[in-house]
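Position chain B against the provided structure of chain A, taking the given hints into account.
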Amino acid sequence: MLNRTTSPHQKAFRLLFLLLAGGVPPDGADAAEAEAVFVGEKRMQAFDFWIRYPDYLADELLNLFGQSRDAALLDQAAAIVQDREPDLRRYPMVRFRYGAYERMDDAVAILEYRGLVKVRMRDMGHYGETDFLIRPGTRELADRAIAEHPVLRWYADRAALVNRVAGGQSGDALKERQYRRIEYARTPLNRTIPGIADTVVARLRDLLDGHNGGSR
Amino acid sequence: MTETGTPPPWADAIAAKADMPAETVEEVLARHRIRPSPVPGQPRRMTIESIAFAGTKDEARGGQPFAFTWNGLGPGLWAVAAPANFAGKSTVFEVAKSLLRGRLSVQPDVADWLASAELLFRVDDTRYRVAVAFEKRVPSGTLELLKDDETHIQLGGFSSEPEFEQTMGGLMMDRLSLARLSAWRQGSEDSPGRAAPHDWPMLSEALFIGTELRALIGDVVVDGLPARLLQMFVGLPWVSTLFEARTALKQVEEEIARKRRRREAVDARRKIRADAVRGELAAAKARLDAVIGSGDLRRRLVETEGELAGASDQLRRIRAAQREAEAALDQAQAEHDEDLRQHQDFLEAKAAHAVFGRLRPTCCPRCESAIPRERQRRERESLECSVCGTNVGKRDADNDVAERDLAARVEASGKALATARGDAKAIAERLAETEAEVLRLDATLAGLTGDLKGSAEARWTAEADVSRLEGRLEEILADEPETSDGPALELDRRILKACEEVTNDLVKAHRDELLKAISERLAELARRFGMKGVSSARLNGQAQLSLTKGSTETNFSRSTKGERMRLKVATVIAMLQVGEVAGVGRHPGVLFVDSPAGAEEIIQEDVDELLDGLASLEETMPWFQVFVATTKVDAVADRVRPDHARIADGEVLW
Chain A
1 MLNRTTSPHQ KAFRLLFLLL AGGVPPDGAD AAEAEAVFVG EKRMQAFDFW IRYPDYLADE
61 LLNLFGQSRD AALLDQAAAI VQDREPDLRR YPMVRFRYGA YERMDDAVAI LEYRGLVKVR
121 MRDMGHYGET DFLIRPGTRE LADRAIAEHP VLRWYADRAA LVNRVAGGQS GDALKERQYR
181 RIEYARTPLN RTIPGIADTV VARLRDLLDG HNGGSR
Chain B
1 MTETGTPPPW ADAIAAKADM PAETVEEVLA RHRIRPSPVP GQPRRMTIES IAFAGTKDEA
61 RGGQPFAFTW NGLGPGLWAV AAPANFAGKS TVFEVAKSLL RGRLSVQPDV ADWLASAELL
121 FRVDDTRYRV AVAFEKRVPS GTLELLKDDE THIQLGGFSS EPEFEQTMGG LMMDRLSLAR
181 LSAWRQGSED SPGRAAPHDW PMLSEALFIG TELRALIGDV VVDGLPARLL QMFVGLPWVS
241 TLFEARTALK QVEEEIARKR RRREAVDARR KIRADAVRGE LAAAKARLDA VIGSGDLRRR
301 LVETEGELAG ASDQLRRIRA AQREAEAALD QAQAEHDEDL RQHQDFLEAK AAHAVFGRLR
361 PTCCPRCESA IPRERQRRER ESLECSVCGT NVGKRDADND VAERDLAARV EASGKALATA
421 RGDAKAIAER LAETEAEVLR LDATLAGLTG DLKGSAEARW TAEADVSRLE GRLEEILADE
481 PETSDGPALE LDRRILKACE EVTNDLVKAH RDELLKAISE RLAELARRFG MKGVSSARLN
541 GQAQLSLTKG STETNFSRST KGERMRLKVA TVIAMLQVGE VAGVGRHPGV LFVDSPAGAE
601 EIIQEDVDEL LDGLASLEET MPWFQVFVAT TKVDAVADRV RPDHARIADG EVLW
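Quick note, the sequences are listed as chains A and B, same order. Quick note, the first sequence lines up with residues 1 to 216 if you use full-length UniProt numbering. Quick note, the second sequence lines up with residues 1 to 654 if you use full-length UniProt numbering.
The following block holds chain A by itself, in its conformation from the complex (with noise of 0.2 Å):
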């Protein structure tokens, strides 16, 4: 499956939950034009690869479980896997130098256009940084249009679990995160990110039989 092909209003409509999923509210300058403000653009891609490697997010949250030892979190892992995620979910990426990395503009496009989300250009110095603009209203639509078509629900819900992984961090914190695991699992230039499935699988089988004393 290297190949998948999702339509640009698919990608759209992923990416509209994502930044409303990891949205804070604007501060003073921002409130005029927005409900919601999505920090970095490097974040909205790090968010993207969660949504997209579902083996990635359940081994995160493995490890989050690992520090907390919250059970919910284990059970949210088994039932990714037991779903079949890591093949029915995956929306393959292709690795570049500072990991996976894939042009979001088609997408951006499309919801700015419907004048969902506008772009701004934070000045950060000698460099740009992307700030996502949510437009008031954009909310209540995507509520609205998970109601009257209820196969887009899964990216509301998965788009909050993976803002929860995320844990507040910043773009280039979760990058980091992602990257150990991305270099770990050797992926070469330019290639596409396999899945870790298996080691996923085989590490929720020990957690799952330590956590309850046995099998289950």
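Partner residues are not named here, just some residues of chain B that face chain A (Cβ under 10 Å, in silico):
#1 Q333
#2 Q342
#3 F346
#4 A349
#5 A351
Okay, the calculated bits of chain A under chain B, using three or more residues with CB under 8 Å as the criterion:
#6 6-18
#7 110-124
#8 146-154
Take a look, some chain B residues computed to stay more than 12 Å from chain A by CB distance:
#9 E163
#10 K532
#11 N540
#12 D612
The hints are simulated quantities; they were obtained by calculation from the structure and are not laboratory data. For every residue, glycine included, the Cβ atom is placed at its ideal position computed from N, Cα and C.
Below, chain B without anything else, positioned relative to chain A:
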């Protein structure tokens, strides 16, 4: 021993009778020292030269010492005469006999009186002296050889009765060449029979005719003795050979019997051992038969191996099928996943499109210019995209078909996946079954192999036992003891039997001839000695004499004492004369005839005839020495030379 030149007819006759080659016969005869004796051999001649004895009478008879000496004796007729019966005539003869025999046999009272005695005698050219002193009848003395120069060599000393007898017996048997006349003494298991050389006292009977008249020859009645005594007088040819042959034959037959008894004992023991081993062998064979049932075991083993091989093959096929089924399952899964993804993406895309399509465009994505209302309206009516102008209506129609198509594909691949899962499950079940079967067969095989090995071991042990015991039995049965001697002994026996038969025939032939001649002469002499009625006599090999008196058949035993006396003398003289004429005489040549007239049955004329008859022997047998003791003084005076006679002055001789 064979003579040089042509083989003797005697050996040939034996070879023919035994049906054996002549060389074998000669070897056997030589080995047993059986020599032919066609000629009886040169007889040895004895001559008494002097008789002397001395002693002291006991008080009852006067207690006086006495002595008797008679020297200068030689061949011819010698007489001792005294008118009365108890004048001591017999003592002279008895002393001579005692010294010759080595055994004191005088009248009891004389034995007590006797203090010393001496005998000088000659055998052929050698002179001997035996001098004895008696101490209460126990003899002690010497036997000496006297040389011409008056020196003497002691040949033996004795100081007891057995020693005396042994000394004289040894000398006589040897010097008179009488060893070959000795009889075979029956033997026992431990000491086989042997020839007995101590027969001189018996054989010396041939030298004496005494007052005992029960036996025709000699004074003693002993089984078989007369026959041998006959041979003392008449040396029949082949007799010694016959004795040697009989001796050797008895030896060999005893040896054969002994060996047979030994072999039977060994065989009996061997049979016991063999039977014991046979018993063990039967038991071992029974054990082996019990074990051989492993044939069935082997068959089952082979069957199980076959089944296992079949099951293993099937296992391999199923595993290969499983790999294919799993590959097919993976494939079906992958295909179904792909169909699912495509369908899902399609639906999402459609929904997203619908969502975004309803949204009124506000500004150009590129330049953010606002989209004019006119464009918006055109899009709603003619379905032209307000951004790029593409007709979007057609796309919607295509999408419906595509959606149905994708849905169908999902269903189809879903079914295919289910089928593939079913197949994989079925194969997995069959695999498990077959693996279990293989394990089961493996275990069965291991069990059978173990059983077979165990039974194989039991079988090897039983087979080893059987073969060991069979070998043992063979060993025992093959263990033949000393058979090597058997045929050799049998061969000897055959030849010796033939020899005995042939030799016996020869002996008989000669003897019959001689006995006939003796018998005729005997009859003549009997008539001369006063038995006028004897018309014929028949003396047989056992020295049994039968007579025809007139028309009556009678024999020696049935004759009167007087007749018997005369017949004894007649027999002796007849034997001596015939033997001399025939050249077979063997008598040593000394004869003591005691008191032929001691019994009242003998009358004067008879004594005269006896003396004449004895005197006549001088002519034909000049070496012959005969002593006669009688009461008929006149007859002696008439018939005997004065220097050959000792006549008692008065009543006693000494």
